[in-house]
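Residues per chain are reported as follows:
Number of protein chains: 2
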Amino acid sequence: MIGSLWRRIIGRPLASDQAAKEQITSLEGLPALSLDALTSVAYGPEAIVIVLATAGATALHLIFPITVAIVGLLAILVFSYRQVIDAYPGGGGAYAVSKENLGAGASQLAAAALIVDYVLTVAVSIAAGVGALTSAFTPLHRHTVSLCLSILAVVTVMNLRGLGESARAFLAPTVAFIVGIGAVIVVGLIHPIARHTAQPGHSLVVTRGLQAVGVLLVLKAFAAGCSALTGVEAIANGVPLFREPRVKRAKQTELLLGVLLVAMLLGLATLAVRFHIGPRSGQTVLSQISGTALGRNWAYYSVSLVTTAVLALAANTSFGGLPVLTSLLARDNYLPHALAIRGDRLVYTYGIWVLAGLSGVLLVAVNGNTDTLIPLFAIGVFTGFTLSQTGLVVHWRRRRPPGWAGRAAINGLGAITTAGATVIFLLTKFTAGAWVVAIAVPSFIVLFHRVRGYYGEVAREVDLDTPPSGTGAPLDIPTPQRVAVIVPVNGISRITAETLAYARAISPDVVAVTVRFEDEDDPDLDPAWQQWNPGVPLITLRSKFHSVVHPIVSYVDGQCQVPNSPGTTDAPGTILALVLIPVVSPRKLRHRLLHNQLDLALAAALRYRPHVIVARIPFQLRD
Amino acid sequence: MIGSLWRRIIGRPLASDQAAKEQITSLEGLPALSLDALTSVAYGPEAIVIVLATAGATALHLIFPITVAIVGLLAILVFSYRQVIDAYPGGGGAYAVSKENLGAGASQLAAAALIVDYVLTVAVSIAAGVGALTSAFTPLHRHTVSLCLSILAVVTVMNLRGLGESARAFLAPTVAFIVGIGAVIVVGLIHPIARHTAQPGHSLVVTRGLQAVGVLLVLKAFAAGCSALTGVEAIANGVPLFREPRVKRAKQTELLLGVLLVAMLLGLATLAVRFHIGPRSGQTVLSQISGTALGRNWAYYSVSLVTTAVLALAANTSFGGLPVLTSLLARDNYLPHALAIRGDRLVYTYGIWVLAGLSGVLLVAVNGNTDTLIPLFAIGVFTGFTLSQTGLVVHWRRRRPPGWAGRAAINGLGAITTAGATVIFLLTKFTAGAWVVAIAVPSFIVLFHRVRGYYGEVAREVDLDTPPSGTGAPLDIPTPQRVAVIVPVNGISRITAETLAYARAISPDVVAVTVRFEDEDDPDLDPAWQQWNPGVPLITLRSKFHSVVHPIVSYVDGQCQVPNSPGTTDAPGTILALVLIPVVSPRKLRHRLLHNQLDLALAAALRYRPHVIVARIPFQLRD
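The listed protein sequences derive, respectively, from chains G and C.
In terms of the numbering used here, the first sequence is numbered consecutively and its last residue is 643.
In terms of the numbering used here, the second sequence is numbered consecutively and its last residue is 643.
FYI, nobody ran anything at the bench for these hints, they're computed from the structure.
Since we're looking at a predicted model, the values are computed, not measured.
Be a bit skeptical, because a hint or two may be false.
It does not matter which identical chain is meant; a pair holds if it fits inside one copy or across any two.
Said to hold, decoys possible - Heads up, simulated EDC-like pairs for lysine to aspartate or glutamate below, C-alpha to C-alpha not over 20 Å straight-line: (1) Lys268 - Glu481; (2) Lys564 - Asp364; (3) Lys268 - Asp539; (4) Lys564 - Asp577; (5) Lys608 - Glu477; (6) Lys608 - Glu481; (7) Lys268 - Asp106; (8) Lys564 - Glu477.
Start from the sequences and build out the full structure, keeping to the hints where you can.
Below is the structure:
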C-alpha cells in the first residue's frame, strides 16, 4: 500500500524516449539555467548590509561602492563564461574543463567544490525563500525550519518525478520576479510610496560602531556580497539544452543575465542607501526595500510571494546539476556506481536523495537562517570559477585559435580576480563558517580517492586475466561434476512436497535433512517420512547443541569438497551443493513474526561457502 | 567484530547435556524460587504507608492492623500452595493447573495475568532496588532511570548467558538480606541507635488529613500492601528443581518462606509505628526504618546494598519464569513459535528479550518510580492465585483422595480470599493505574486467539491432505520436466565465469541475459561475449524503460509456463526456471554502498513467482 502510494506520487515509469528533450530559446535560458544567479539578489545585498551594520549606521552607505566592485567582477565573469561557451559547446562544467586541461587533481577539487556549492545553493535559496515569506507574513517566522523542510520535500518529489527542467513552466514566475524587482527599483527611485512608514521588527544596527570602518570590514562585506554572483556558470554547463544555433543563444542568455543582474544589484544598492536600510529582526533587506518602495500592500505581498516561489525554483536548479555531476563522478569511479543509475523516471534517483539529505541536514543545523549559511557560500563557487577560468587559459594556449591571446587574457583576468576573491573569502570568513567548507572539500577529495581505489582493486580481482592469488596461473573455472541438492525440512507438508519436486527436477541426487536435538521430546520424523515415501531419503542430524544451523552447515560442508583456500584451482570432481530451503511466506508483513526466521539464519550461514548455492523457496500463503 | 564481541559477552554455545541441572535443597529453594516473595518486604510496607499518609500522620499507625490482615492472607496462601505442591509435583503453575482443571479460557486468563505479573515483578523489583540504593546514596537519585536500565541490562545479559538459575550463588546474598532485615528489626525493637536523628529528605505526609480514615482508605492500603505477597506461588511452580524427596523439600521451603515473610512484615510494621515512619522525599520506608534503627553507618549502608542486590536477583527470577511460560504458550500455538526456540546457550532467547523489552519500556514510562507501579501490581498475581486455587478445588473434587474435603476447603478458602482481594484491587486501584492491567490482560487473550487462529489456517493450508483451493483433488505436485538456468550478467568477469560454471553443472539449458537501455552509450556486450565464448548464449534484452528488473522478470516469465492460478494442478511439461544472480560481495559492510543493489531488487521481484527459484551467487572479495 505504501509502495503504491509512493508510485502515485512519483508517477509511472517513463520510456527512454519520453525523456524531456526541450530545446530552449535564449529567453527560456533564464528560468532553465539562471534562476540561482537571478535570485541571489534576494540574499546578496542583505549579506553586505549585515557585515556593514557591525560598524554602525554610518557604514551602511558603503553598500554602494562595494556593489560596484561586485558588479565589476560580475562583468569579468560574464565575458569569461561567454568564452567558456565558445570553447565547450558540449557543456563546460568546471569538472569537465579542469579534467581536460588541468588534470585529475584539479578536477577532483572542482568536483568537491561544486558538490558543496550545490548543497549550499539549495539550502541558501530555500532559507532565503522562506525568509521572504516570513518577512511578509511575520507570524510564520517561528515555523521557519518546518517551512524550509516542506519546500525541500516538494522540490525533491518534483525532481524524483523528473519535472526538474521545465523551462517553459518556470518562465512566468521568472518574468514576474524580474518585473517585480524592476517595479520596486523604479518606484523606489522615482516616488517611494511608504518611505516614512516604519517597517516591522526592530533595528539590529549597533548604535555605536563596534568596529572601525577599515579595509578588513570592506573586504568582509565584499566577500559576503559575492554570494550574489553564484550561479553565473550554470548557462555554460547547459549549452546542449539550447536550440540551434546553441552557442549563440547561450551567449545571449549569459549576456542577458549579466545585464539584468547588474541592473538589479545596482538598483537595490541605491535604494538601500536612499532608504537607510539596515538589518531588522524578522525582515529581510529585500522585504524592507520593497516594503518602503511599494508600501506593505498587495504589490508588496505579490513581490514577496513571487520571490519565495522563484527561490524555491532556484533550489530546484541545483537538483538539475548535482545528480548529473555525481553521475559523471560515479562513471569515473569516484563515487558509488549507484549514483550513475537512472531510475524508472529517467532521473538519477540516488543523486536527488543525496542532495535532499545533505541540504536538509544543513537547513536543520542552521535553523533555516540564511545569515549563517552565507559565509559558507561562494567559496565553493569561486573555487569552481577559478579552476574553469584557469582551465580555459590552458585550453587557449594549447589550441591557439585566431585571437587566442586576447581570449586567454580575458579568462586569465577572470581566473586571477576569482582566485583573489576566493582567498579573501577564506581569510575573512574562516572563523565565521568557512572552515566548514575548508574541511568538507578535502574530505570529498579523500572520499573520491578511496572509492576509486576500492573499485580499482575490485576490478583487478574480478578480471578474468588476473591470476588468482597464490597460483600464478590464470583462472580456469571448471564445471562441477555433480550437483547435490539438499533440502532442510522440519516436517511433512505441502511446502516440503513442493520443494522436493523442484529439487528432483534439478538433480537425481536429492536428500532431505532434519535436525534433532538430543533433549527434544517430539517424536522422530523418520517413521512418518517412510510412510509418506516421497522418493527422497531423509537424513536426521543429531545435535548436542541447540542450533539448527550448525549441523546443516557441517553436513553441507561434508557434501562438497572445499578447496584448501578460496580461489585455488579445484581438483576435478568438485561437487556443487544446492541447498533449497522451504519457507512459509505470509502475505501480511506482521505475520512474519509468527514464523521463525531460521531460514534466514541458515541462508546467511551458507552464503559464503564456495561451491554452495542457497535458495529459499517461498510457499506463499493465501490469507 | 560486533558479532564476536557479543559472543564474548554471551559465551560459547552449550551442549544440551551442559544444561544446568542443579538439584536444590529446602534452604536453596529460598534463593532459587522465593526471592521475589522475600524482597517484597522492601516495597509492601511502603505501599501501605503511602496510602495511609493521604489521610495525615494520625492514620499511619493503621499499618499494623493492615499488616496483620495481610499476614493472615499469607498464611492461607502458604497452606494452599503446600497443597498445590502435593497435587502437582511436576510443577503446578497457574497456567498448567487451570488448563487441566478449568479449561482453555481460564488458562488463557491465567497466562495473560502471569505475563503481566512477570513484567511487573521485573520492573517493581529493579525500581525498588534502585530506590534502596538512591535512598542510601542520595546524589544518585537523579540517575534513577539510567540505574534501572543498567541493572536490567546486566540481568538480561546474565540470563542470555543462561546463568539465571544459580541457586547456590544466590544463597549468600539471600542469607545476608534476611540477616540484615532481621538485625534491623531486632536492634530497632530493643535499642534503636538513631531514633532521634533526622533522616534525609522532607516529609511527604499531608499536614491536615485530606481524606477521612474510612473503610475505603483501609481497603486501599490493604490492596497496596498485598504487593508484599507476590511470589509465594513460585515454589509450587518449581517443584521439579528440588532434590528428592522433592515434594517434602518444596513444602518445607514454602513453610520457611511463610515464617520468614510473616516475621519480617510484622517486625517492620511494628517499627514503622514505633518510629512514626511516613513517606519522605528520596527515602524509601525501608531505608528510613533501617536508618533509624541502625543509624546511617556502615551497617545501614550494608543493608541498603544487600537490598539492592537481592532485589536485582528477584527481578532475575522472573527471567526464569516468563520465558518458560511463553515457550509453553508458543507450543500451544498461542504465541509466535520463535518463543519456543532455545538459543545456543539453551535458554529461550526471544522470551528473555521480550521480558527485557517490556519491563524496560515500563521502567522508562514510570521514571523508575515504584509507587506508580504498585497499583498495577498484585492484580495479575492475585488473578493467578485465584485461578490456581479454584483449579485445585476442581482437582480435589475429581480425584477425591483421602481427606479431599479438607484439602478442597483450604484451597477454596484461598480461592475465595484471593478472589475477594482481586476485586478490592480492581475497585480501589482502578483509576490509579489498575486500568492498565484491565486493558493489558484482555489484549493478551485476544492476541493468543489471533495467533492460534493464524497457525490453524497455515496448518490447514500446508497440510498435504487438504485439497488445494478450487480443485477438490488432493495435491499431487509433479516434478517439473526441465530446468532452465538463467544468469543475468552485466559484463565479463571472474564473477560471471564462476556463476556460469555453476549454471552449466546444474543444467545443459543455460542462457545469460543482459539488459540494454535504448539511450545507453556503452558498447554492446555481444561482440566481447562472442570472443570470450563461454559456451553459453547471451541474450540481450532491449528496454525502453530504465529498469533492469522488469525486462529480466518478463523474460523469466516467458521461460516457464505459469499456471492460471497458484495452487492448481500443473499441466505436464512444466519448466522450472532457476535464476542465478552473480553478486560482488565485499568483506567490509561499508563497501556494500559501493555496489549497486540491483541483485536484491531482482531477487525480490522474482521471489514469489511459481516455478522460479532465485539464488544469489556471491563472489567474495579478498580485502
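Violated constraints from the hint list, given by number and in increasing order
1, 3 and 8
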